[in-house]
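Using the sequences provided together with the hints, build the complete structure.
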Amino acid sequence: MNSSSVSDPPIVLAKNLSKRFGDFLAVDDINLSVPTGGCFGLLGPNGAGKTTTLRMFLGQSHQSSGSLHVLGQVMPEQTRSVRRKIGVVPQLDNLDVDFTVIENLKVYASFFALNFRDIESYIDELLVMVELEDKRNTRISELSGGMKRRLSIARALVNKPKLLVLDEPTTGLDPQVRHLIWSRLRELKNSGTTLLLTTHYMEEAERLCDDLVIMDKGKILKRGHPKQLISEYVESDVIEIHCSMEMANSLLKQVSDIRYELVDETVYCFTNEPLKIIKELETQAGLTWLHRPANLEDVFLSLTGRELHEAQ
Amino acid sequence: MDWCLPKVRMSMFAVWSRNFRVWRKLILPSTLFNFGEPFIYLLGLGLGLGSFIGEMDGVPYLTFLPSGLLASSVMNTATYEGLFSVYTRMVPQQTYEGMLATPLEVDDIVAGEMLWCATKGLMSSSAILVVGFLIGALQDWQAIFCLPFFFLIGLCFAGPAIVVSSLAPSYDYFNYYVTLLLTPMFIFCGVFYPVRTLPDFIEPFIQVLPLSHAIALVRPLASGQPLHNVLLHVCVLAAFAGIGFYLAVVLVRRRLIN
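So the sequences go chain by chain: A and B. Just so we're aligned: the first sequence equals residues 1344 to 1655 in this note's numbering. Just so we're aligned: the second sequence equals residues 42 to 299 in this note's numbering.
The set of hints was computed from the structure by calculation and includes no laboratory data. For every residue, glycine included, the Cβ atom is placed at its ideal position computed from N, Cα and C. Wrong hints could be hidden among the right ones.
[Claimed, not checked] In silico DMTMM-like links for lysine to aspartate or glutamate, alpha-carbon gap of 20 angstroms or less:
# : chain 1 : residue 1 : chain 2 : residue 2
1 : B       : Lys66     : A       : Glu1420
2 : A       : Lys1428   : B       : Asp181
3 : B       : Lys66     : A       : Glu1446
4 : A       : Lys1491   : B       : Asp241
5 : A       : Lys1449   : B       : Asp43
6 : B       : Lys48     : A       : Glu1420
[What the hints assert, rightly or not] From chain B, some residues computed to sit far from chain A (all C-beta separations above 10 angstroms):
#  : residue
7  : Val49
8  : Tyr82
9  : Gly89
10 : Ile94
11 : Gly95
12 : Phe125
13 : Glu146
14 : Leu175
15 : Val219
16 : Val236
17 : Val249
18 : Leu250
19 : Ser253
20 : Pro267
21 : Asn270
22 : Val275
Now the structure itself:
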């Protein structure tokens, strides 16, 4: 079970952290404390500053201003010592294409000055965990995208990290692989490894994260547990109706407590009392609509996707 | 830019041994290349040209030529490794990106790559040395004292090559370096004929180029002649290696740590 407690110091502590590239402010004065244990998410659209923030945590990018502590150590000064205790699953697989699966793990272990013989049985366990035990001697070029990502996860664990950093871990993977990866990540979390991930899959964040921040344009917009954010920012239910705003207005004029948003050809009705709306909609033959519980995506879009929204 | 002086640590050997592992997989074609090329060059050029030229600078041409090729081969091997292979690992393969998620830093990566470039240079010239002895072009056993100098020459050319890789937007940009510096050194620094046969005004330019100093060390040792100004030549090569290392670290940091 999770061995951390409330008294553990934060695994990442950023104060007034900024990163500037020329005139572009990629990370804009963020304050962030990531607790030890559990899974923490950095959410945001592309270009929000998630990857730059992660790179600073890893010492692969140095902040322009502000202070950063990772595992209690000062960054970027103590990069080497911090990286010894971190595992990284990069957004783009950078497995060593000159090697086979097992050689990748061996060579990576050597970068941590680990002796392969000491960790041989552990590496076998890792291969079993990511279901690649049959692919030990396969070259990287012969692996599918999902296999490569699983190998990247195994590789990130060779040094038994306290903190596992994952940048978009399931982007571009098919559903079977995503579910396998999610379940492995949950196991890791339960065994006490702190997970820190970036994603723009809200479903992934909802399933995995205990705590998350939503970033946009280099700033942190909101922080909280996924469920708490949903209840705080949107109504319990969403009904998507494929019609014009005028039509929705006339259809539902008797129903109170609705908030509408029009996105392209779809009217999103946010409500805590969906049954009343459904009753109205059921009278209309030929109308396409969908009823679902509100999710993190609704929170996310309402916070970051303003330019697409035409709220009434 | 991060101008901090690089640190030299044991972790550079992890980078070296990663490259060695890759090389080991291709040991057959590499060995064929290392031994086959000089065999053809020495036999074809040494015997063919040698029969016209006879002696050059008091040495049979069949000895003169390989004693120059020993130095230029380290230069070419270390340079091509520092250009194409390093660039491949830095940019398309993102190998260094992976390494920079481990305790390795740019300093270790560049130091390990330079050691590896020098090792490959050493291997290629050692093969020429063996071939030279086998076909009787080289006869003096003091030639084996060339070996440590091969390594130094490799380091001397590895640094500048990695500097070029760290600046290049694509492979095509290596042509500037190869055509403007590498090929002129190969042709003008005394591999094929003594430098003093060139017009006098050219000589000072030739003397600042590292290959001239490499040849000044290797040729006498390989052809059984006395060595002169060893310290000067070693210092010039070491200076290129040291400054090259420092600049390469600074520029690779700029490219990868941003």
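Reported absence of B/Val249 from the contact zone with chain A (all CB gaps over 10 angstroms): 37 angstroms, holds
Is it the case that B/Pro267 keeps its Cβ farther than 10 angstroms from each residue Cβ in chain A? 45 angstroms, holds
Beyond 10 angstroms from every chain A Cβ - status for B/Tyr82: Correct as stated: the minimum Cβ-Cβ distance to chain A is 29 angstroms, above 10 angstroms.
Beyond 10 angstroms from every Cβ of chain A: is that where the Cβ of B/Gly89 lies? At roughly 39 angstroms from the nearest Cβ of chain A, B/Gly89 sits farther out than 10 angstroms, so the non-interface label holds.
Grab the minimum beta-carbon distance between B/Val236 and chain A and tell me whether it stays above 10 angstroms. 40 angstroms, holds
Please settle this one: B/Leu175 was flagged as non-interface, so is its CB more than 10 angstroms from every CB on chain A? The assertion about B/Leu175 holds, with a minimum of 32 angstroms to chain A.
Is the Cβ of B/Ser253 more than 10 angstroms away from each Cβ in chain A? 36 angstroms, holds
Next pair to validate is B/Lys66 with A/Glu1420; report whether the Cα-Cα distance is within 20 angstroms. 38 angstroms, violated
Quickly compare the C-alpha distance for A/Lys1428 and B/Asp181 to 20 angstroms and report which way the hint goes. 55 angstroms, violated
For B/Asn270, which was marked as not at the interface, is the minimum beta-carbon distance to chain A over 10 angstroms? It holds; B/Asn270 is separated from chain A by about 41 angstroms at its closest Cβ, greater than 10 angstroms.
Status of B/Val275, Cβ more than 10 angstroms from any chain A Cβ: 32 angstroms, holds
Could you grab the alpha-carbon distance between A/Lys1491 and B/Asp241 and see if it respects the 20 angstroms cut-off? Violated. A/Lys1491 to B/Asp241 sits at ~61 angstroms, over the 20 angstroms cutoff.
The structure fails hints 1, 2, 4, 5, 13 (numbered hints given earlier, in ascending order).
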